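Participant: Input sequences plus hints: build the corresponding full structure.
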Amino acid sequence: MKRRERKLKSSISGRLTLGVIIVSAIIFTLTCTVFIRMAANKVREEATRHAHSELSNTIHQIDAVLNAVETAVENTAWLVPYRMSSPDFMYYITERILQNNDFICGAAVAFEPYYYASEGQFFSPYSYRTESGEIKSKQLGHDNYDYHYMDWYQIPKLLNEPYWSEPYYDDGGGEMMMTTYSKPLYDESGNLYAIITADLSLDWLTELVGNIKAFDRAYNLMVSRNASYIVHPDRNLILNETIFSSTYGDDDESLVKLKDDMVNCRAGEVLRDKDGGKFFVFYSPVETTCWSVAIVCPRSELYQGVKKMRAILIIIGLISLLLMMYLSYNGIRVVVAPVEEFSDVAKKIADGEFNTELPKIHSNDELKELHDSFEHLQHSLVKYIDDLKSTTANKERIESELRIARALQLGMVPKVFPPFPEREDVDLFARVIPAREVGGDLYDFFIENEKLYFIIGDVSGKGVPASLVMAVTCRLFRTVASYVKTPEGIMTTLNNALSESNESNMFCTAFVGILDLKTGLMEYCNAGHNPPVIIKPEGEAEVLKVNQNLAMGVWHGFAYTGDTYHIDRGSSFFLYTDGISEAHNPEKDLYGEDRLVELLQKQEMMPPRTITENVLNDVEIYSNGAEQSDDITILCFKLSDQLDDANCRQIVLKNKVEEITRMSAFLEEICEELNISMENAFNINLAIEEAVTNVIMYAYPKGEEHDFTLSVRHIDDRLIFKLIDSGEEFDPTVQPDADVTLSLEDRPIGGLGIFLIRKIMKTVTYRRVDNKNVLTMVKILD
Amino acid sequence: MKSKLRIIISMLLLSLSVKAQQVVFAPQWTAQAQFAGYYAALENGYYKELGLDVCIQHPTVSYSSIDMLKDCKADIITCELIQAMMTSDAEVELVNILQTTQHSTLVLISRAENVRQLADVAGCRVGSWKVGFSEIPHMIDEEQNLDIEWIKLMNPLNPYIAGAIDATLAKTYNELIAFSMSGITPGSVLYFSEHGYDFPEDGLYVTEDYYKKHKEQCRLFAEASRKGWDWVRNNPDKALDIIMKYVKKENVTTNKYNQKWMLEALLQAQEDIKGELPTYRLNEDAFNQLNEALKKYGYISKSIVYEKFIGEQL
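If you read the sequences in order, they're chains A and B.
So in my numbering, the last one in the first sequence is 782, and the numbering has no gaps at all.
So in my numbering, the last one in the second sequence is 314, and the numbering has no gaps at all.
Please keep in mind that the hints were generated in silico from the structure rather than gathered at the bench.
Take the hints with a grain of salt, since some may be wrong.
Unchecked claim - Derived pair list, reagent style DSBU-like, types lysine-lysine, alpha-carbon separation capped at 35 Å:
1) A:Lys-274 <-> B:Lys-256
2) A:Lys-138 <-> B:Lys-152
3) B:Lys-248 <-> A:Lys-136
4) A:Lys-138 <-> B:Lys-70
5) A:Lys-213 <-> B:Lys-248
6) B:Lys-213 <-> A:Lys-138
7) A:Lys-259 <-> B:Lys-245
8) A:Lys-762 <-> A:Lys-722
9) B:Lys-256 <-> A:Lys-278
10) B:Lys-213 <-> A:Lys-213
11) A:Lys-157 <-> B:Lys-130
12) A:Lys-157 <-> B:Lys-152
13) A:Lys-415 <-> A:Lys-360
14) A:Lys-772 <-> A:Lys-415
15) B:Lys-248 <-> A:Lys-157
Since the model is a prediction, treat every value here as computed from it, not as a measurement.
Facilitator: Written out as C-alpha cells, the structure reads:
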C-alpha cells in the first residue's frame with residue numbers, strides 16, 4: 001500500500017500522468033473557453049438579427065397605419081380653405097374624415113383664437129365616434145380646454161410642420177389611448193390659421209407588439225419619444241412610467257447608449273441588469289413617430305443552448321481527462337515497470353546478491369541500455385568485490401603481522417618499570433609511542449658491573465623498514481655493549497654494522513651512554529641525535545653539550561668521538577627523540593626544544609615516570625588533536641642522593657622468634673609515618689614477617705644467637721626492604737612456589753612463604769655479598 | 001415650553017368643543033410629493049389632534065387654488081411667494097402662515113451646452129409656464145433686453161423633445177426630473193438660485209379676512225402641517241406610500257420613482273442656506289428684495305409690509 005502511495009505521489013508514472021492531465025486540462029479549458037465565447041457571440045449575433053427582423057416587420061405594420069392616417073389628413077386638408085367662409089362646413093370636413101377612414105376615431109380643424117370673430121376665442125369643430133360607432137361632432141375648445149396650449153396644436157404650430165403627438169389617454173372618450181396627427185394650415189400669406197388633426201386609437205398596438213414572438217421567455221414593449229411605456233405586459237406602467245424611471249440617478253454605459261439611441265431614433269441592443277438578472281434589450285424605432293419597439297429577453301434564454309453545450313463539453317472533457325489519466329498512468333507504468341525491477345535488482349546487488357538475475361528487456365531502447373549498464377555494473381562489481389576480498393585478506397594479514405611485529409618490537413625494549421626496583425641509587429623510566437603500528441625509535445639499557453649502559457635512537461623513516469633497522473640496532477647494542485666498553489666504541493661498531501650493505505640508505509641517530517652508578521661519571525657518544533637534558537637537583541635544566549657525530553649507517557668506518565659528564569646525585573637525565581621536539585599543533589607550529597627545557601626546569605623533585613608523563617601530557621595539549629607525525633620515545637633516569645639517609649630506617653634483629661613483635665612494631669611505625677593504607681601495611685607486614693621468620697628459623701645453626709639487619713628505604717613511590725644476614729647461603733628466589741591449586745593436604749611443606757612475598761612485592765632479588773645473604777624486596781606504593 | 005403649553009390648552013379646549021372646526025385646504029397643483037407634509041399630517045391625524053377637520057381639495061388646470069381661496073371654496077392654500085404677493089397686491093390680501101420652501105427651485109434647461117446665464121439664450125425660443133412661476137426670468141429678460149421668445153406651455157417636455165423650443169424654464173422637483181426620466185440629457189441646466197435669485201417659494205396662505213377671524217385655527221393648521229413635514233423628512237419611504245395613495249386617488253399620471261425624487265428635491269429646497277433643518281419662516285431679507293424687484297417691474301403696485309404679510313407668526 002505504501003509503495004502504491006509512493007507511486008501515485010512521487011513515481012515517474014504519477015508525475016508524468018499529472019503533468020499530462022494538467023496540460024490537457026489547460027488546453028481543454030482554453031479551447032472550450034474560446035469555443036464557447038465564439039459560440040456565444042454567434043448566438044448573440046443571430047439573436048440580434050432575429051430580433052431586429054421581428055421588430056422590423058412590426059414597425060412596418062405600424063408605419064403603414066400611421067401613413068394611412070397621414071394620407072387621410074392630407075387628402076382632406078384641401079377642403080378647409082375651399083369653404084373658409086362657412087365655419088359650419090368645417091364640421092362636414094371632420095365628419096367626412098371619419099366616414100372615409102374607419103381607423104380614425106376623431107378629427108378636428110382647430111382654428112387660431114378669434115379667427116372667426118363670430119365664433120370667439122375657441123373654434124375647433126371636432127368629430128368622433130361613439131361607443132356604438134355613431135359619428136358625432138362638437139366644438140372642442142372652451143375656457144376649461146384651451147386647445148391652443150395642447151401639444152397637438154402648439155408643437156406643429158411652432159415647428160411649422162405636421163406632428164404626431166405623444167400617446168395620451170383620451171379625457172373625453174373613456175380609457176382609450178390615442179395619438180393625434182396634426183397638420184398646420186396656412187393662408188396665402190403664409191400665416192397659420194388652423195391645425196387639422198386626426199386621432200388614432202392605439203389599442204391595436206398592444207396586440208400587435210405583444211404578438212411578437214422572437215424568443216420564448218422574452219416580452220415586448222414600446223415607448224414613446226418621451227420614453228413613456230405605450231405597450232408593456234404590466235399595464236399599470238403604461239403612460240405612468242418611463243423606461244428610465246427606475247434607473248433615475250444611474251448612468252451606466254448601457255443606459256447612456258440606450259438614451260442616446262432612443263432620443264436619436266436609432267436601432268440597437270444593450271445588456272441590462274434588472275431584478276437581479278441580465279436582460280438583452282433589442283430596440284428599433286418607428287420611422288414615422290420615433291417611438292421605439294423593444295424586445296426584452298433574459299440572457300439565460302439566449303445562451304441556453306450555449307450553456308447546454310458548455311455543460312456537455314465539460315462532461316466530455318472530464319470523462320476524457322479521467323480516461324486519459326487512466327490510460328496514461330497505466331501506459332507509463334508498463335513502460336517504466338522494468339525501472340522498478342531494476343530498482344529492486346539494485347537493492348539486491350547493494351545487499352550483496354551480485355548475481356541477481358536482471359529483468360528481461362526485449363526492446364532496443366533506453367531500457368535496453370539501462371539493462372546493459374546494469375549487466376556491466378554487475379560484472380564490474382563481482383570483479384571489484386573479488387579484488388577487494390583479496391586486498392582485504394592481504395591487508396588483514398599485513399595488519400596481523402604488523403600487530404605481531406609491534407608486540408615483538410615492544411618486547412625488544414625493556415618495558416618493566418621500575419627496571420631496577422631493588423636499586424636505591426637509580427630509577428629509570430622509558431616510553432616509546434610509535435606513530436604507526438611499528439616504529440623506528442629505540443631505547444635500551446642494562447646495568448653491568450654497577451654501570452648503566454643505555455641507548456636511545458631514531459631510525460630514519462617510519463613503519464616496517466625503520467622498525468627492522470631499529471630491531472637490528474637494539475640487538476646489536478646489547479651484543480656490542482657486552483664487549484666494547486666505551487660509548488664511541490659501541491657507536492663505531494654499530495655504525496660499521498649498519499652501514500654495511502645499507503642499500504636502502506637508512507640511517508639512525510643515537511645517543512649511547514655508560515654511567516658509572518658509583519661515581520656519577522657518564523661517558524657518552526652522540527650520533528646526530530637530539531642532545532639530552534639534565535635536570536639538576538636545584539631545579540635547573542640544561543641541554544647536554546655533545547659532539548655532533550654523523551648518524552649511524554651513513555659513513556662506514558666513521559670514527560665517533562665521545563665525551564664525559566659528571567652527573568650529580570639527585571639529577572635526572574632526560575633523553576628523547578625528535579617525535580617530541582617536532583610534535584606540532586594544527587597550525588603546524590613545532591613543540592620545540594625550548595618549551596621542553598622550560599617544562600623540565602620545574603620537574604627536579606619528580607620521579608622519571610612522572611617527568612615522562614608530564615612531558616607527554618604537555619605534548620598532547622600542545623598538539624591539540626593534531627595527528628602524531630613521528631614516533632615518540634623518552635628515556636629518563638634519576639640518580640638518587642645516597643647521602644640522604646633521612647629516608648632510610650634500620651633495625652637490628654636477633655634470630656629469636658620474639659623479635660617478630662619488635663619487627664612488626666617497627667614496620668607499623670614506618671607505615672603510619674608514610675601514611676600507607678591499612679591493606680598495604682597489612683600485606684607488607686605479612687611478606688616481611690615471612691622473610692624475617694625464614695632467617696630466624698633457618699639461617700643460623702640452632703642454639704646460636706646472631707644479629708641480622710632489616711633496612712627500609714623510601715624512594716619516590718618505592719619502599720625498598722633489605723634483609724642482610726650472615727647465615728648460611730640461601731637464595732629463596734630460586735625456590736619453587738607452592739602449588740596453590742592443590743588442596744592443603746596434598747601441598748608439600750614450604751614454598752608458601754616465598755609465594756606470598758612474590759605476590760605482595762614488586763620484585764624480590766637475592767645476592768650473596770661478602771658472605772652475607774642480601775634479600776631485597778621492593779613494594780610499589782599506589 | 002410655551003408652545004407645548006399652548007398645545008395642551010388648545011387640546012383641552014378642543015376636547016370640550018362638540019364639533020371639530022372644518023378647514024378646506026387646497027394645494028396649488030394636482031396630487032404629488034410637493035404636498036407630502038399636508039398628506040402626512042392628515043393621514044397621521046396631526047390636524048385631528050389639534051381639533052381640525054381638514055379636507056384636501058386639489059384645483060384643476062383652469063381653476064387654481066388662488067381662485068378657490070378668492071371664491072371661499074378653500075380656507076387655506078399653498079402658493080408660491082411671488083403669486084401670493086401679486087395676488088395680495090392686486091386682488092385679495094393674503095397672509096403667510098407657514099413658509100415651507102426656502103429656496104428657489106427654478107432652472108433653465110437648454111439644448112445648448114455652456115449656458116451660464118439667461119443672456120446665453122437671448123433671442124431663442126424658451127418655454128415658460130402658461131400661468132405664473134416665470135416672473136423672475138421675465139424680469140431679467142426685460143432688464144437685460146434679451147429679446148427671448150417666451151412660449152407659454154402646459155408642459156415643456158414634448159415641445160422640447162420635438163425641437164419646438166430651444167430651452168425651457170423648469171422646476172428642479174418637477175420638469176427637471178421628468179426630463180431625465182424621459183432619457184433626455186440636457187446640454188446645460190442653469191440654477192437661478194446660484195445667480196442671486198434665490199427666493200423662497202411654497203408657503204401656506206389664507207385671506208386676511210379669514211386670518212383675522214381664525215387666527216388660532218391658522219396657527220394650529222400651520223403647527224400640524226409643520227409636524228407633517230418633519231415626519232416626512234424623517235420617514236421618506238413611508239411618506240412616498242402616502243403620496244402614491246393620493247396620486248392614485250386623484251388619478252394623476254406619474255410613478256413612484258418620479259415622486260421619490262420630487263420629494264427629495266423639495267426637502268432639499270426646504271432646508272436653510274446652511275443645510276440645517278427648515279425654519280418654516282419667511283426670510284425677511286429675501287422678501288424685501290423680492291418686494292423691490294416686483295415693484296420695479298410693475299408686478300405689484302406698492303410695497304407689501306412684511307409684518308402684515310406674515311401675520312402674527314412667531
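Participant: Now look at each hint and say whether the structure bears it out.
Facilitator: Here's how the hints hold up against the structure:
Our distance criterion of 35 Å between C-alpha atoms is met by Lys-274 of chain A and Lys-256 of chain B, whose separation comes to about 17 Å. Proximity of Lys-138 of chain A to Lys-152 of chain B is assessed by CA-CA distance (about 26 Å); at most 35 Å being required, the pair is judged to hold. With a CA separation close to 32 Å, the supplied pair Lys-248 of chain B and Lys-136 of chain A stays within the 35 Å bound. Between the alpha carbons of Lys-138 of chain A and Lys-70 of chain B the distance comes to roughly 32 Å, so the proposed pair stays at or under 35 Å and holds.
Note on Lys-213 of chain A and Lys-248 of chain B: the hinted pairing holds, with a Cα-Cα distance of about 33 Å set against a maximum of 35 Å. Restraint check for Lys-213 of chain B and Lys-138 of chain A: not satisfied, since their Cα atoms lie roughly 47 Å apart, outside the 35 Å limit. The hinted pair formed by Lys-259 of chain A and Lys-245 of chain B meets the criterion: a straight-line CA distance of about 30 Å does not exceed 35 Å. Taken as a hint, the Lys-762 of chain A and Lys-722 of chain A pair is honoured in the structure, with Cα atoms around 14 Å apart against an allowance of 35 Å.
Distance hint between Lys-256 of chain B and Lys-278 of chain A is fulfilled; the C-alpha atoms sit about 23 Å from each other, no more than 35 Å. A distance of roughly 68 Å separates the Cα atoms of Lys-213 of chain B and Lys-213 of chain A; the hinted pair therefore is violated under the 35 Å criterion. Pair hint Lys-157 of chain A plus Lys-130 of chain B holds up; C-alpha atoms about 16 Å apart against a cutoff of 35 Å. A distance of roughly 13 Å separates the Cα atoms of Lys-157 of chain A and Lys-152 of chain B; the hinted pair therefore holds under the 35 Å criterion.
Between Lys-415 of chain A and Lys-360 of chain A the CA atoms are separated by roughly 67 Å; this puts the pair beyond 35 Å, and the hint is violated. Restraint check for Lys-772 of chain A and Lys-415 of chain A: the C-alpha separation of about 31 Å stays at or below 35 Å, so the hint holds. Pair hint Lys-248 of chain B plus Lys-157 of chain A holds up; C-alpha atoms about 34 Å apart against a cutoff of 35 Å.
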